[in-house]
Amino acid sequence: MKTSETKIRLDQLLLQRGLVPSRERAQALVIEGKVLVDGQKIIKSGTSVALESEIRLLGEDLKYVSRGGLKLARALDYLKIDVDGKTCLDVGASTGGFTDCLLQNGAKHVIAVDTGHGQIAMKLRQDPRVRLLEKTNARYLTREQLGETV
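Using the numbering used here, you'd call the opening residue of the sequence shown number 1 and step up by one each time.
Everything labelled a hint here was simulated from the structure, so no lab data went into it. Just so you know, even glycine gets a beta-carbon here, dropped at the ideal spot from N, CA and C. Warning: the hint list may mix true and false statements.
[Unchecked claim] Across the chosen pairs, the derived CB separations fall in these ranges:
#1 GLY33 x GLU148: 40 to 46 Å
#2 GLN12 x GLY92: 24 to 30 Å
#3 ARG143 x ILE81: 21 to 27 Å
#4 LEU141 x SER48: 39 to 45 Å
#5 LEU76 x ARG125: 19 to 25 Å
#6 MET122 x ASP77: 24 to 30 Å
#7 MET122 x GLY59: 21 to 27 Å
#8 TYR140 x LYS41: 44 to 50 Å
#9 GLY116 x GLU144: 21 to 27 Å
#10 ILE31 x LYS63: 18 to 24 Å
#11 LEU146 x LYS80: 24 to 30 Å
#12 GLN12 x LYS41: 15 to 21 Å
#13 LEU79 x LYS34: 29 to 35 Å
#14 TYR140 x ARG17: 35 to 41 Å
[As the list claims (entries may be wrong)] Derived DSS-like pairs: lysine-lysine, alpha-carbon spacing no greater than 27 Å straight-line:
#15 LYS7 x LYS123
#16 LYS135 x LYS123
#17 LYS44 x LYS123
#18 LYS135 x LYS71
#19 LYS34 x LYS71
I would like the entire structure built from these sequences, with the hints used as guidance.
Put into structure tokens, the structure is as follows:
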């Protein structure tokens, strides 16, 4: 790694450069040994690296913002569920793997609900097809909050 006055956590740098959709995904790639910094494999996502470091990702990245998307894609295929044109509800959205999968499989709109906040991938947060209900417990959802049939 190059020495520099300005350093940043590796997971934050990956996100800042747009190489990953979320900090969680950055951490997963680092732990899996799929990130090279100036030619060296780094396996701790909190490692401080120079802002100008050369970053290279190894291997194929996920199709979805998290592995949850892969699981749902398999279930949709196996159970022959067609979400094309439908409004869907993602309860416990977290990073948004299910939401991403639903959108990539043709859902017209996804209502993503989570008790936490600030976790969903930025690309989903900015997608007009996603309505995000953060700090919301799904047990207490009302029809008025949903606004439509899901």
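- Task: Check each numbered hint against the structure and report the violated ones by number, ascending.
- Result: none
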